[in-house]
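J.: Listed below are the residues making up each chain.
Protein chains: 2
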Amino acid sequence: MYLMGVDIGTTGCKAIIFSAEGRVISSVYGEYRLLHRRPEWSELDAEEVWATVVKVVRASVQGAKVEPKAIVALSTSVLGEAFIPIDREGKPLYGSMTTFDARAEVQTARWEENFGAERMFQITGQPLARTIPIYTLQKIQWIKEYEPAVYRKAFKFLCWEDYANMKLCGNPVIDYSVASRTMMFDIRKKQWSREILDTAGLDEALLPEVAPSGKVVGEVTTEAAEVTGLAKGTLVVTGGHDQPCGALGVGLLSSGPVMDATGTVECVAVVQDELTLTDAMRRQGFSVQSYVMPERYLLFGFNPNGGVVLRWFRDNFAQVEREAAKAKGLDVYDILMEEAGKAAPGAMKLFLLPFFEGSGCPNFNRQARGVLLGLTLAQSRGEVIRAFVEGLTFEFRNILEAIGGHGIRVTELRAIGGGAKSRFWLQLKADVTGRKVVAPDVTEAAALGAAILAGVAAKTYTSMENAVKTVYREKAVYTANEATQSIYEKHYGVYKKLHPALNQLFKELENL
Amino acid sequence: MYLMGVDIGTTGCKAIIFSAEGRVISSVYGEYRLLHRRPEWSELDAEEVWATVVKVVRASVQGAKVEPKAIVALSTSVLGEAFIPIDREGKPLYGSMTTFDARAEVQTARWEENFGAERMFQITGQPLARTIPIYTLQKIQWIKEYEPAVYRKAFKFLCWEDYANMKLCGNPVIDYSVASRTMMFDIRKKQWSREILDTAGLDEALLPEVAPSGKVVGEVTTEAAEVTGLAKGTLVVTGGHDQPCGALGVGLLSSGPVMDATGTVECVAVVQDELTLTDAMRRQGFSVQSYVMPERYLLFGFNPNGGVVLRWFRDNFAQVEREAAKAKGLDVYDILMEEAGKAAPGAMKLFLLPFFEGSGCPNFNRQARGVLLGLTLAQSRGEVIRAFVEGLTFEFRNILEAIGGHGIRVTELRAIGGGAKSRFWLQLKADVTGRKVVAPDVTEAAALGAAILAGVAAKTYTSMENAVKTVYREKAVYTANEATQSIYEKHYGVYKKLHPALNQLFKELENL
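These protein sequences, in sequence, are chains A and B. The numbering of the first sequence is numbering that gives the first Met the number 0, which starts it at 0 and goes up by one. The numbering of the second sequence is numbering that gives the first Met the number 0, which starts it at 0 and goes up by one.
Next comes chain A alone, as it looks inside the complex (with noise of 0.2 Å):
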């Protein structure tokens, strides 16, 4: 018996079949093309995205060699925010505006005047502001205004899972924690709100409708079943956002562990056993949605700079440990890293402030940018590289800390995403934070997660806890060093007074 969990994504897609055991038996990766057809717009050709999930799905089946009867059932893990308008026949109207789309900017602020970001807040548990301008809401109404006739055609706007849901069983169904990237959702009643949709004049028939993760809405089609190559029958199960999936597949049940999970940008998630809003949280730029477990919730906070900081400084500064990761077949972050770990801790007190992107929860700035400060002629390439690694790791604290401001036990982190595969990196997050570190078996949680909502409905575990005991495990555990920590513990002291000390000079470049 198998479970497959799709994972689609801002530029590529996966489809993995796992055994009940959460083992990987085949996993198969595409791209697809994220469109700008201007600078701040950013959109996914929904066809073309629908053509590679259908291609990554039956490449997957094939390479499993496994009956596709045996795969008992599939649910679906998406990236948030994205839609897509579609006509009574299901095709697609218009490009599927992604998170980094930042045209409905005007639509946002007014929200953040009318409506009042602590009055959202409370509703959605999403935090609305100029700044943030991402949210499926204001796209459509930016649609509305802007492209009056695709409005008008319209028969539902939907998310990616519920179209994944609609395209294989016929049933668009959106579930809790996907519809809570919408900014309609009200987490509390678990429906559409109305209170916003009637301020938004929305009508509700536009949108799919709503139920809890891990619930069968259907069963592969004749007609999907042909292009996938998956049974028809199989169960079609509602899956998730991609971050809540991705907590699920490191086995977060209920408060006290955290994920973290670093690629281009860094997540960092835990649940809230009971639903708690504060405007901290909101002011801090922290969400709170729909868990895929009915009734909790999960608490995310985001850091824009992850990983991209360091594709920069390869792109820009690793020309040699390009070169030389191509000749002998290495990981250039392998190389960098290495370089990074010749460097005493604290970097010859080197800081790296790390908003090349502005900076994320907890202290949301916009204008905030990168900082590299206390540059000596004693340092070489090697702190520059560790004070760069060493930055990420302390905003990374200063996120955890907030966490626990907010009265949520942190009690070890489940590291996952490129971030992960770096042993120094995982240890140097120890360090800093005096926390055990975990790397998880299956670095691919997501598509975990999702697999595990579809064996929940598919009856394959009794439960959700019993899943996570069966397919959840450890790979590698790092603890603190001592005197590293102590080290870091004063460094960290000095790195959260920077953001403060430097937020004038950041009003300052905005200026110029």
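Just so you know, the hints here were simulated from the structure itself, not pulled from any lab data. All values derive from a computational prediction rather than experimental measurement. There may be inaccurate statements among the hints.
Listed next, the stretches of chain A that the computed footprint assigns to chain B, with coverage defined by at least 3 CB atoms under 8 Å from CB atoms of chain B [unchecked claim]:
id: 1; region: 313-324
id: 2; region: 379-386
id: 3; region: 472-478
id: 4; region: 483-493
id: 5; region: 502-511
Backbone N, C-alpha and C fix where the C-beta goes; we use that ideal spot for every residue, glycine too.
Given the coordinates of chain A, work out where chain B should sit on it, guided by the hints.
T.: Chain B in isolation, oriented as in the chain A frame:
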């Protein structure tokens, strides 16, 4: 008729033979070792240095292919502060401590407490501060305390000019400008300061005779002629400290034009027609010394962060450019400047505060550190390199403005040193300061200045003015591009705010 200028520096020496028109006929350079018996010590081996001087003089005379007799006179330009204790036979008794030898910090602090920095500045024109333990006075005291045997045996403490004169003609005479750098010289009375020597408990007999620059002090002896290849009887003329010699070499006769010497460090100097010593000058770390023209003075500002900051970048982040330079036979800095030139003025709002070695004039701060502020993903390598050069240039303007703040009119900038080789940087200096920037024809300004002094004494020239008119020529002139200048005007406004805003953080780093 020819003139020789000998330039004795910290890491090497040059002997250059000039025609009366100031054309280089022959130029030979030789290096010697800078010794660090302890990390904070920095010494020259006097005999090694002198052997190198003899070698380059000899090679220069041979290379000139002129009758040695036709070289009518020579003068020496020397590094400041460094000295040699000699015995009665003229034999060196100890290493020659250079400017960068920091061992006399306690002795310097004692003067600061007991004698006072203001009083010291009014006598010597030199800024007394424990953070600037560079002067001869306190280093002689260090020898008295820690090497009493050396002190007892010492017949004289000579600086490099008087040592060279002794070796060449038997008469160890020092000029006012080199004497100025000992912190024992009364620049108003133009004699060793009785007040300072009494306070130090130093016998004036231990110091050489003082004389103005450009005065014949003897003739090359038979013995010196034999080893150097110079003709016996060649006039030996007092030269000067390398900075005033350089200033004369770029034609500074009176206040107005500014010498900008950008080597490892950056030195900025301007003539004072009449002596002015204000406490503001002292607090800003300026020094005022006797000039190589009688009755004139030189105001002298020092920024420890010159080319050395670019060298740091080159050594740590320009391996590819280093290899390309080697392969193509180019200067690596030319390649770096070309990359900087491709980025737009202002480097996308990226700023460098270049204090890798602490800051110098006019905001002296040993705790200051280098800072890169304003990093974003949109920038690339070119912007970073450009920000480095722009930061050095903003700091140069900062010194210039401080000079202007002392009521000194600045008419144009005359650039020498390694930094003057880059057309990109010279244009940038014009754009950032809004001043005319001149690259003089002769870049070996200190040796040329010494040769001018030799020529005035030998009556090759009727006066300093006549000499400068004869030998000083512009090679290239740079004027500000209006559009670029207006960008830099705004950016400099932000730059000026960086140091004050970061001061508290520099303290935090120091206390880590």
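J.: How does the region 502-511 of chain A fare against chain B when you require at least three residues with a CB closer than 8 Å, holds or violated?
T.: holds (count 5)
J.: Given that the region 483-493 of chain A was listed as covered by chain B, double-check it with a C-beta distance under 8 Å for 3 or more residues.
T.: That given contact holds, which follows from 3 residues of the region 483-493 of chain A lying within Cβ reach (below 8 Å) of chain B.
J.: Take the region 472-478 of chain A, compare each residue's beta carbon with every beta carbon of chain B, and decide whether three or more fall closer than 8 Å.
T.: Not satisfied, violated; 0 residues make the cut.
J.: Mind taking a look at whether chain B covers the region 379-386 of chain A? Criterion is 3 or more residues with CB to CB distance under 8 Å.
T.: Result for this restraint: holds, n = 3.
J.: Has the region 313-324 of chain A got at least three residues whose CB is nearer than 8 Å to a CB belonging to chain B?
T.: holds (count 5)
Violated hint: 3 only; the structure is consistent with all others.
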